[in-house]
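There are 10 protein chains.
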Amino acid sequence: MLYMVHMQVNIPDTLPKAEVDRLKAQEKAYAQKLQHEGTWRHLWRIAGQYANYSVFDAAGNDELHDILSSLPLYPYMSISVTPLAQHPSAIAAN
Amino acid sequence: MLYMVHMQVNIPDTLPKAEVDRLKAQEKAYAQKLQHEGTWRHLWRIAGQYANYSVFDAAGNDELHDILSSLPLYPYMSISVTPLAQHPSAIAAN
Amino acid sequence: MLYMVHMQVNIPDTLPKAEVDRLKAQEKAYAQKLQHEGTWRHLWRIAGQYANYSVFDAAGNDELHDILSSLPLYPYMSISVTPLAQHPSAIAAN
Amino acid sequence: MLYMVHMQVNIPDTLPKAEVDRLKAQEKAYAQKLQHEGTWRHLWRIAGQYANYSVFDAAGNDELHDILSSLPLYPYMSISVTPLAQHPSAIAAN
Amino acid sequence: MLYMVHMQVNIPDTLPKAEVDRLKAQEKAYAQKLQHEGTWRHLWRIAGQYANYSVFDAAGNDELHDILSSLPLYPYMSISVTPLAQHPSAIAAN
Amino acid sequence: MLYMVHMQVNIPDTLPKAEVDRLKAQEKAYAQKLQHEGTWRHLWRIAGQYANYSVFDAAGNDELHDILSSLPLYPYMSISVTPLAQHPSAIAAN
Amino acid sequence: MLYMVHMQVNIPDTLPKAEVDRLKAQEKAYAQKLQHEGTWRHLWRIAGQYANYSVFDAAGNDELHDILSSLPLYPYMSISVTPLAQHPSAIAAN
Amino acid sequence: MLYMVHMQVNIPDTLPKAEVDRLKAQEKAYAQKLQHEGTWRHLWRIAGQYANYSVFDAAGNDELHDILSSLPLYPYMSISVTPLAQHPSAIAAN
Amino acid sequence: MLYMVHMQVNIPDTLPKAEVDRLKAQEKAYAQKLQHEGTWRHLWRIAGQYANYSVFDAAGNDELHDILSSLPLYPYMSISVTPLAQHPSAIAAN
Amino acid sequence: MLYMVHMQVNIPDTLPKAEVDRLKAQEKAYAQKLQHEGTWRHLWRIAGQYANYSVFDAAGNDELHDILSSLPLYPYMSISVTPLAQHPSAIAAN
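Residue numbers (my numbering), protein chains in the order written: chain X, 1 to 94; chain C, 1 to 94; chain A, 1 to 94; chain R, 1 to 94; chain H, 1 to 94; chain U, 1 to 94; chain Y, 1 to 94; chain L, 1 to 94; chain P, 1 to 94; chain W, 1 to 94.
Okay, chain X solo, but in the shape it has when bound (with noise of 0.2 Å):
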């Protein structure tokens, strides 16, 4: 099942440049492995913004806030999610 989920991220700037890295690296690493198993499917940079646009491919709501709340970047960003249907005019399907 799919999601809409839109992700800004707000590091505050009192916090070690070696731990934002360190998160940073993590995150990728996640975001990745992830992609590689089919769960987060897109992965788009909103143009200007440290802030991005996903499509999650998760069993159902719990799974996505288990997929979401582990992000190592997830204490700084402000997530918003919208559940996503079938189009009845989309010639693929979800």
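There's no promise every hint is true.
[As the list claims (entries may be wrong)] Using 25 Å as the maximum straight-line C-alpha spacing, the simulated SDA-like pairs for lysine to any residue come out as follows: (1) P:K17 with U:H87; (2) L:K24 with L:T39; (3) H:K33 with U:H87; (4) W:K17 with X:T14; (5) U:K28 with U:S78; (6) X:K33 with X:D62; (7) R:K24 with X:D57; (8) Y:K28 with P:A29; (9) R:K24 with R:N94; (10) R:K24 with X:K33; (11) X:K33 with X:S89; (12) A:K33 with R:N94.
These are computed hints drawn from the structure, not numbers from a lab.
Since the structure of chain X is already known, use the hints to place chains C, A, R, H, U, Y, L, P and W on it.
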């Protein structure tokens, strides 16, 4: 180049049903043609709303505007466009 | 799977009273049928407004959309959907 | 009497981890006690957010305020309260 | 129990004047009846707007909703309800 | 003359507890003095929030500003003021 | 006593032109009468909008409401009122 | 002097097509005349919307208002104006 | 040329009191100098807020920006500027 | 291809002055280099704000993002990007 497009449809109830059905049929044909051509890459229904999230692959802003403003339901739509860029953690190229 | 759904009803006063009454009766029958089936788990009136908070238990986003878009008053509703997950402090399973 | 309560938690990252863990443990115990008593009737996690929708059954506004303002995490919460009434189409009494 | 209620009135100019005058007269009679009964405790005009702040003393959310939804002008109102509790610094009981 | 005043209190958690307690005690004393004088006519807690709705009876805007800006917690408040007038359906004079 | 008043005019295009012209002429006469009397102290057009910022000098909230609600175009206006006080750095008294 | 102007066009679908076409033709002629005169310095279509960003070079606020309020489509526009100044890093004078 | 300027002041409580007092004194002197020169034409306190509405008479946008960005408290201000034009019903020239 | 970019700068006052000056100098050099190259086509200060409207001519969304995210002040900016297309009434090509 990819764009995230949010479309909210608001058809006034003063429009005759025949006209609405005609527009919807044209809209579906147009949307499916563009999907087959690869321009309208993703089309997802927002659950619970007469709205969708779509991803378009257009040569640029002008082509995107031509595509969107040619939508049969365009006069009855609120549209917002977010330009997307390659995310450094994305394993797939845009 | 649970979804929190906020529904605001705005019936244009240009709609004939007979039509409005017909739609409202259909809406009530439809809502009660779904409640008896367990799909429409909770339905609460927001005090002072022609609006409600409802909790739906649907198999997924697509089923939820089918349910909501089949509401007789759907064309006159502003709907927002919030996917719910299990809260770690909740003593009851969702 | 039922109230829909939306709680958004924003714990400043300047708070020591031990203090945060202590507060979270207290919050969980408090929440589960009230659920067992039937006051905190529903507690759902909003997928993707450190937020929840809850339904409280309180004798009135004052009791509700006492309950909410006694939440250990109360100082770090943005809370909105919506009073709920019986919906004419609801098959279950509130 | 007290509720702060904000009412914004928007009467469409398509409504015949006679109907508007009839509704306004009914509204005034209804409002004054409830004030005499002590339910509608305060009614203040917001300077410069066809809107008011009112304080209602109702047994609970359901009674409040019945009162508000019975307002003759209810179909033409945007209403928001804020539940009030006893303030620790208030010298008067609610 | 009456004013509806909405006060949202946001005390930064960097402020020492002793200072906060001192300010709160001053605030209570000040509020109760003004209530006894009839200037601070109503003071209600918004259920679930560190906020209140108050009604002030002041000679005019300047007096109101002096009263509000003298609140011990004033530096930590977001305040909005709505001037109130006599409602034509109110049975009591303002 | 001074009030900052923002007026946004939205005349529905269903209103006959003759009626609109009549209202506008009345509005102008009314506005100029109040300016000559010193009540309507300032009247400025917001560049690019059918809106204005005005400063009124009224005895109090009730007089202000009477003035504003007597505007011929009042039914087609969105009005917000901000009570003004003497600024400590102002060299001129309000 | 430069102004950034955002124009959103909302032509009601109750307006006869002939009238709409007439207004659009006038609008285009008027816009091109002002561009040739150098007053309407830039005119860009916002991709996906019946809206534009424009930059005007006007002698001052009054001239700008005259220009904008003379737009044939002015009655059907939502306009916001942002005054622009010389940026210290700009290599070109405004 | 006239501009309506809304200034909201937010001085962080981390700033030493001596520095705040120094800035405020400079701000007052600067504001009064400009008022005497006729540039800062009106300065009104918004009742209940550390904010003001001011009207500036500046040669143009650049001069206005220089004036505002030279305010001692400028770094701690949220400012919005609305360009004003002559209102056709105003009896006084701007 | 053109993009309208709105940049709001919020430099935390906890950042040492020397660091701020260094960043500002880098920002200016970077901005002027891009202007000379024709990428940063327009740069206007918003009167009264530490913000600007800019127009960029970039090959596409990715190039735009690289340009913006390389701004020395990028971490302290709120940026919104609006893709621009050719307006049918514009006499100049984008």
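Going through the hints against the structure:
In summary, the hint linking K17 (chain P) to H87 (chain U) is not supported, as the alpha carbons are separated by about 45 Å, beyond the 25 Å threshold. Between K24 (chain L) and T39 (chain L), the direct Cα distance comes to roughly 20 Å. Compliance with the 25 Å bound is thereby established for this hinted pair. The hinted pair formed by K33 (chain H) and H87 (chain U) meets the criterion: a straight-line CA distance of about 15 Å does not exceed 25 Å. Between K17 (chain W) and T14 (chain X) the alpha-carbon distance is near 16 Å, which keeps this suggested pair within the 25 Å criterion.
The hinted pair formed by K28 (chain U) and S78 (chain U) meets the criterion: a straight-line CA distance of about 18 Å does not exceed 25 Å. Restraint check for K33 (chain X) and D62 (chain X): satisfied, since their Cα atoms lie roughly 19 Å apart, inside the 25 Å limit. Between K24 (chain R) and D57 (chain X) the CA atoms are separated by roughly 30 Å; this puts the pair beyond 25 Å, and the hint is violated. This hinted pair does not check out: K28 (chain Y) and A29 (chain P) have alpha carbons roughly 40 Å apart, beyond 25 Å.
Only pairs whose Cα atoms come within 25 Å are accepted, and K24 (chain R) paired with N94 (chain R) is rejected, the gap being roughly 30 Å. Restraint check: the Cα-Cα separation between K24 (chain R) and K33 (chain X) comes to about 30 Å, which exceeds 25 Å; the hinted pair is violated. For the hint pairing K33 (chain X) with S89 (chain X), the CA-to-CA distance comes to about 32 Å; that exceeds 25 Å, so the pair is violated. Restraint check for K33 (chain A) and N94 (chain R): the C-alpha separation of about 18 Å stays at or below 25 Å, so the hint holds.
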